[in-house]
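Chain order of the listed sequences is A and B.
Per this note's numbering, the very first residue in the first sequence carries number 1; after that it's consecutive.
Per this note's numbering, the very first residue in the second sequence carries number 1; after that it's consecutive.
These are computed hints drawn from the structure, not numbers from a lab.
Check before you lean on any hint, since a few could be wrong.
A short, non-exhaustive set of chain A residues, derived as facing chain B with CB atoms under 7 Å [said to hold, decoys possible]:
#, residue
1, 189
2, 193
3, 228
4, 231
5, 269
6, 308
7, 309
Here are the computed distance ranges between Cβ atoms for each label pair [stated by the list, open to error]:
#, chain 1, residue 1, chain 2, residue 2, range
8, A, 105, B, 297, 47 to 57 Å
9, A, 119, B, 294, 52 to 62 Å
10, B, 135, A, 157, 49 to 59 Å
DMTMM-like cross-link-like pairs, simulated, lysine to aspartate or glutamate; straight-line CA separation at most 20 Å [said to hold, decoys possible]:
#, chain 1, residue 1, chain 2, residue 2
11, B, 198, B, 181
12, A, 266, A, 296
13, B, 198, A, 234
14, B, 198, A, 233
15, B, 266, A, 233
Every residue, glycine too, gets a C-beta built ideally from N, C-alpha and C.
Number of protein chains: 2
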Amino acid sequence: MTSHGATQNGKLVVVGSLAIDTIETQGNRAAGVLGGAATYFAVAASFFAPVQIVGVVGDDFPQDELDWFRSRGIDLSGLEVRAGKTMRWTGRYHEDMNVRDTLSFEANVFDGYLPTLPAAYCDAPFVFLANIAPALQARVLDQMRAPRLVGADTMNFYIEGARADLERLLRRVPLLIINDEEARLLSGERNMVRAARKVLELGPTSLMIKRGEYGVLFFSGNSVFSAPAYPLEEVFDPTGAGDTFAGGVMGYLAATGDVSPAGIRKAIVYGSVVASFTVEAFSLDRLRTLTRDDIERRYRQFVSLTSFDVADASA
Amino acid sequence: MTSHGATQNGKLVVVGSLAIDTIETQGNRAAGVLGGAATYFAVAASFFAPVQIVGVVGDDFPQDELDWFRSRGIDLSGLEVRAGKTMRWTGRYHEDMNVRDTLSFEANVFDGYLPTLPAAYCDAPFVFLANIAPALQARVLDQMRAPRLVGADTMNFYIEGARADLERLLRRVPLLIINDEEARLLSGERNMVRAARKVLELGPTSLMIKRGEYGVLFFSGNSVFSAPAYPLEEVFDPTGAGDTFAGGVMGYLAATGDVSPAGIRKAIVYGSVVASFTVEAFSLDRLRTLTRDDIERRYRQFVSLTSFDVADASA
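Just need the whole structure built from these sequences, with the hints factored in.
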């Protein structure tokens, strides 16, 4: 990754799931709400840059949500609407919100879906392959002309069940964004530093490890960066925190075009900021009213939260 | 707490246990090694400031270790040597080193010990009450004339078993340094922000919550500071990490005399630095060869590890 210091056109393609979720926390329940990794990612990224979604929904997907996406500058020309039901997921969080159970999952119209990119997407300089089968992620990458930065996510299901496909994909992915459990499973190492080194041997040159309430570790070359999570009095619904983190990171990078180590560190903090808002309400609800000013304010709070070697550290 | 910007005399009193430990990790074992909270604390603090120990050992305590303490500028005139055996602890770490079992514990000469301070200790501006019974911590505090900063630790055993004594003590302790599990038990809150607020209602104006590999959260007034742990390839033996963290914090504060919010943030990073070395070997072994230069080098690595909003963040 090199820094050009300016955007090419700043466009950001994301492929991933769009879903209808039902979410249960210890005290609350939300049924039939907006979900899916691409959904969370796209809305988060749209605070920074124009986003182009690749995905599929059923004919039951709410029209007003599609209108909301468009109003946020999200290009839906790569979104297929197929006859049938949208993907559905129901999950329940434990009192320890780092733990959740999937109560039900229906792929529905996602079953057999093969992502195809509109011509207008293929020149985008930034692309994010959210958590879908590695073969489908590769298929999207095959259609991109010459992306400047490719990011990807994956999950235990593919690490265990599609290892060969995933390893093939990882050789083409400079930036991998996964959580600590996935890093452990992918590397076979419990220690995060050793896990990171092994993952970086698989192809990515940069690795972000999401640790929930403990923030993010970023490994690239010999450099390590640690960003805390924003300390919140209440995590209302952790769903989508990781996807909005990735959306904030990639959106900020696409907007600035600065993929230097310093640029990536700032992007990680912007991603952490958006994720910290996401968990304050069910589904994407907090992001519906969030403003860029809110984001900038909390970014400054991250500066204050982490500063110790500067004159104004006590802010 | 106010900042005078200069030391008074920089002296730091610590009361706590001195012990002989046997430590088992998944791959290694060390029998009959130096242990105890006051031991770890004092050696860590001695990198920064003169330390005065209050405690008790048996006549089996190794003379060469006492000589080593003295060579580090640690005042042992408040250390009683009683006929009998020194406190002994045997612990075994799980593969997840955040979890350990106590296999055996013998208080030995600590049983019935009542700390008494030499006159030369009573004017020290800094005092740390390491993890012993709150009534004994209070007894030490009663003997101090007018300390500038009082820090304390405690543990689940006293939170559950000596709650009234502990609450009485906490009203006299401006700086509490405990781990996340203790903060949860003391507050009845799982969320760290809510836990911190409740703990601060008990008396302390400042609270450091140690989170092992996830670093430290510091709460004071409306300010929150998050310091990461140093990312290590291997945690060889976590014993004493928390005590050397506290020792580094209090030692740095005693040395600089700067107890302003900015000064405390730096102290937290110095404490984190010393703790990160402690876990690299069994017992206090790594601290035997550690130099102030090693500490300064790793402090700069903490700057690099956490910087994102400055020009040289990519260092």
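To see whether the hints hold, each was checked on the structure:
1. Contact between residue 189(A) and chain B, as hinted, is not supported at the beta carbon level, the nearest pair being about 10 Å apart and thus beyond 7 Å.
2. Checking residue 193(A) against chain B by beta carbon gives a least distance of about 5 Å; that is within 7 Å, so the hint holds.
3. For residue 228(A), the suggested interface contact is upheld, since its CB lies about 4 Å from the closest CB of chain B, less than 7 Å.
4. With 7 Å as the threshold, the beta carbon of residue 231(A) comes within range of chain B, its nearest partner Cβ sitting at about 5 Å, so the hint holds.
5. Evaluation of the residue 269(A) hint against chain B yields a held restraint, the C-beta minimum of about 5 Å falling below 7 Å.
6. Satisfaction of the interface hint for residue 308(A) is found here, the shortest Cβ-Cβ separation to chain B being roughly 4 Å, below the 7 Å cut-off.
7. Checking residue 309(A) against chain B: minimum C-beta separation of about 5 Å stays under 7 Å; hint holds.
8. In this structure, residue 105(A) and residue 297(B) meet the distance hint of 47 to 57 Å, their C-beta atoms being roughly 50 Å apart.
9. Between residue 119(A) and residue 294(B) the C-beta distance comes to about 58 Å, which sits within the given range of 52 to 62 Å.
10. Remark: the range hint 49 to 59 Å for residue 135(B) to residue 157(A) is upheld by a beta-carbon distance near 55 Å.
11. The straight-line distance between the Cα atoms of residue 198(B) and residue 181(B) is roughly 14 Å, inside the 20 Å bound, and the hint therefore holds.
12. For the proposed pair residue 266(A) and residue 296(A), the alpha carbon gap of about 12 Å is at most 20 Å, so the pair holds.
13. Between the alpha carbons of residue 198(B) and residue 234(A) the distance comes to roughly 14 Å, so the proposed pair stays at or under 20 Å and holds.
14. The straight-line distance between the Cα atoms of residue 198(B) and residue 233(A) is roughly 12 Å, inside the 20 Å bound, and the hint therefore holds.
15. A distance of roughly 25 Å separates the Cα atoms of residue 266(B) and residue 233(A); the hinted pair therefore is violated under the 20 Å criterion.
Against the hints set out earlier in the document, violations occur for numbers 1, 15.
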